[in-house]
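Those protein sequence lines, which keep their order, are chains F and A.
Residues in the first sequence are numbered consecutively from 96, following the working numbering.
Residues in the second sequence are numbered consecutively from 96, following the working numbering.
The set of hints was computed from the structure by calculation and includes no laboratory data.
Each residue gets a CB set at the ideal place from its N, CA and C atoms; glycine is no exception.
Any given hint could be a false lead.
Chain A regions said to be covered by chain F (calculated; three or more residues, Cβ under 8 Å) [what the hints assert, rightly or not]:
no., region
1, 182-189
2, 209-220
3, 393-403
If the Cβ cut is set under 8 Å, some of the chain A residues that face chain F in the computed set are [claimed, not checked]:
no., residue
4, 173
5, 177
6, 225
7, 227
8, 256
9, 262
10, 265
11, 266
12, 352
13, 353
2 protein chains.
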Amino acid sequence: MAQWCVGVDLGGTSIKFGLLDDGGRATETFQLPTPVEQGADAVVARMIAGARQAIERREIADEDVLAVGIGAPGPLDIDNGVVIAMPNISGMDGLPLRDSVAGAMGKPGFLANDANAAALGEYLCGAGRGTRDMVMLTLGTGVGSGIIIDGELFLGAHKIGGELGHMIVQPGGELCGCGQRGCLERHCSATYMAQHAHKQISEGGRESSLAAVLAEKGSLDARDINEARKAGDALAGEVWDRAAYYIGLACVNICRILDPQEVVLAGGMAKAGDDLLTPVREHFTRMNWALTDVNMEIVLATLGSDAGTIGAAGVAWQAMRHGRA
Amino acid sequence: MAQWCVGVDLGGTSIKFGLLDDGGRATETFQLPTPVEQGADAVVARMIAGARQAIERREIADEDVLAVGIGAPGPLDIDNGVVIAMPNISGMDGLPLRDSVAGAMGKPGFLANDANAAALGEYLCGAGRGTRDMVMLTLGTGVGSGIIIDGELFLGAHKIGGELGHMIVQPGGELCGCGQRGCLERHCSATYMAQHAHKQISEGGRESSLAAVLAEKGSLDARDINEARKAGDALAGEVWDRAAYYIGLACVNICRILDPQEVVLAGGMAKAGDDLLTPVREHFTRMNWALTDVNMEIVLATLGSDAGTIGAAGVAWQAMRHGRA
Chain F
96 MAQWCVGVDL GGTSIKFGLL DDGGRATETF QLPTPVEQGA DAVVARMIAG
146 ARQAIERREI ADEDVLAVGI GAPGPLDIDN GVVIAMPNIS GMDGLPLRDS
196 VAGAMGKPGF LANDANAAAL GEYLCGAGRG TRDMVMLTLG TGVGSGIIID
246 GELFLGAHKI GGELGHMIVQ PGGELCGCGQ RGCLERHCSA TYMAQHAHKQ
296 ISEGGRESSL AAVLAEKGSL DARDINEARK AGDALAGEVW DRAAYYIGLA
346 CVNICRILDP QEVVLAGGMA KAGDDLLTPV REHFTRMNWA LTDVNMEIVL
396 ATLGSDAGTI GAAGVAWQAM RHGRA
Chain A
96 MAQWCVGVDL GGTSIKFGLL DDGGRATETF QLPTPVEQGA DAVVARMIAG
146 ARQAIERREI ADEDVLAVGI GAPGPLDIDN GVVIAMPNIS GMDGLPLRDS
196 VAGAMGKPGF LANDANAAAL GEYLCGAGRG TRDMVMLTLG TGVGSGIIID
246 GELFLGAHKI GGELGHMIVQ PGGELCGCGQ RGCLERHCSA TYMAQHAHKQ
296 ISEGGRESSL AAVLAEKGSL DARDINEARK AGDALAGEVW DRAAYYIGLA
346 CVNICRILDP QEVVLAGGMA KAGDDLLTPV REHFTRMNWA LTDVNMEIVL
396 ATLGSDAGTI GAAGVAWQAM RHGRA
């Protein structure tokens with residue numbers, strides 16, 4: 096009989112659920128809305144209900160469910176399974192999320208940063224299959240990341256490592272919400288591209304089709320910028336290429352420091368597919384050293400929104416195998 | 096009875112030797128001049144002779160010597176134990192250095208990058224004792240480095256990782272010998288500080304006591320710059336602080352990505368002691384994020400020139416324990 100871990104991926108809009116068996120096969124992935132307006136208790140109750148639903152759907156005996164893995168946005172106290180701060184859901188700060196969910200299910204529980212979990216998900220069942228060393232960059236409003244070394248999620252001595260979005264790529268650059276200047280996140284995220292375009296239009300007097308989009312929507316996402324770029328808008332082209340430049344530079348640093356087999360690009364920006372991948376690869380190749388052959392591939396994620404829940408279950412599997420329960 | 100691995104650290108000026116026992120204790124460290132002018136055969140012969148001498152000095156029975164670890168400047172083919180290029184000793188390019196030395200001694204042999212070996216040495220017997228996760232930066236004419244993760248030397252999937260000296264810290268910055276622009280090595284090494292000072296004096300018309308030193312010696316080392324700085328020379332102060340800034344920035348990135356317990360500073364620049372450590376720590380603290388407490392310490396190396404040979408023996412020990420012989 097197969098054995099299973101349940102994965103629960105808590106996001107601000109939806110909670111995603113899934114199962115991962117002892118052979119690394121994922122199944123029963125689905126999602127429920129996050130009851131943000133009802134507060135922490137309702138959110139925890141829905142996490143438990145969804146996890147039970149996944150098990151029931153598959154008709155798995157209780158003894159064949161080994162553990163529950165939970166992915167959530169940081170900052171988290173991983174060791175104690177506690178949410179440090181989650182500003183968009185009231186009552187979550189300080190909540191023992193791991194024990195609240197896993198305790199109700201009578202199973203060992205494990206908590207992970209959502210970007211870390213997503214990286215492990217892509218490693219186990221997506222773009223990282225067949226590698227042993229992989230890095231994932233989740234490019235959205237911020238830049239999340241996860242590092243896989245020799246098949247295991249890497250966290251660092253104090254479990255605050257693997258934060259590639261806060262690698263400084265531009266000394267004295269843009270101020271980041273983390274307090275640093277010049278973070279990768281501040282120089283390639285959709286948020287930054289929109290701010291940069293806005294500034295060029297309003298202060299720099301640049302003409303751009305993005306002005307109309309900004310006026311209408313009040314903001315820009317990666318898709319708006321890529322669409323304008325493809326329609327020939329010069330400013331959109333510059334902003335897009337600049338973001339790809341910093342992602343390419345980050346990939347050079349990842350290659351020099353971590354030397355993985357693959358860097359996987361995920362998140363909203365990566366939905367642009369080859370429109371992102373091609374310039375990132377070009378910048379990476381052009382900037383990279385000449386001392387050795389470089390065999391690191393840059394590829395697109397394949398699991399989409401299932402990566403986080405599969406990876407959360409994967410975190411539980413890896414912890415159980417290391418006897419951390 | 097104790098068991099031992101022999102460490103041999105090949106440098107351009109001297110070859111260093113030492114023994115490391117199964118309890119992690121180092122002994123019998125000494126050095127012999129590198130017979131550079133006599134070519135590769137003489138260098139290999141001296142490596143073998145010195146390794147035998149270390150064993151004889153300690154009166155160790157042959158069966159208690161398990162393996163030989165060799166540290167050498169890169170680039171190296173680690174898996175095959177072969178020197179790819181070593182421009183300052185004729186006949187070394189393509190030489191199977193590992194098997195030439197270890198084969199003559201009838202022992203399993205292991206080859207490592209010298210900066211990697213030095214980092215492992217400091218981890219085992221020096222500034223890194225008591226940690227499990229440590230990074231070392233060897234700040235000399237270039238910047239070598241080594242990463243220790245969970246007590247093991249980290250190399251990456253293609254064994255070209257851990258090259259923190261070639262992390263890009265200044266986009267579009269100074270051209271490095273590796274082909275990249277803006278490498279850490281190019282923005283904090285003694286070589287760069289000297290070039291920068293020279294340029295400021297000759298092209299920028301800056302007055303500095305370094306002009307006289309440059310005229311006399313034709314070059315500057317880290318000590319010259321620090322001495323001038325301490326005597327109140329403004330340009331020397333700027334150059335020194337700029338190097339400390341980039342080292343501090345690199346430490347922020349190391350903390351974000353690898354999250355080790357310690358970064359150890361070694362090499363010629365680190366001989367300045369607190370004159371280097373204090374400004375590096377200040378820049379690190381000032382630039383670092385505010386999201387979590389930061390418990391990473393920046394400290395000075397303690398083993399000096401013995402780190403490489405102890406670490407080379409350590410590489411052999413770790414490989415033997417993993418059954419890689």
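Each hint tested on the structure:
1. 182-189: violated (count 0)
2. 209-220: violated (count 0)
3. 393-403: violated (count 0)
4. 173: Violated, about 11 Å.
5. 177: Given a least distance of 14 Å, the restraint on residue 177(A) is violated.
6. 225: 12 Å, violated
7. 227: 7 Å, holds
8. 256: With a closest approach of 3 Å, the residue 256(A) hint holds.
9. 262: 5 Å, holds
10. 265: 6 Å, holds
11. 266: With a closest approach of 6 Å, the residue 266(A) hint holds.
12. 352: Check passed: Cβ of residue 352(A) comes within 6 Å of chain F, closer than 8 Å.
13. 353: 5 Å, holds
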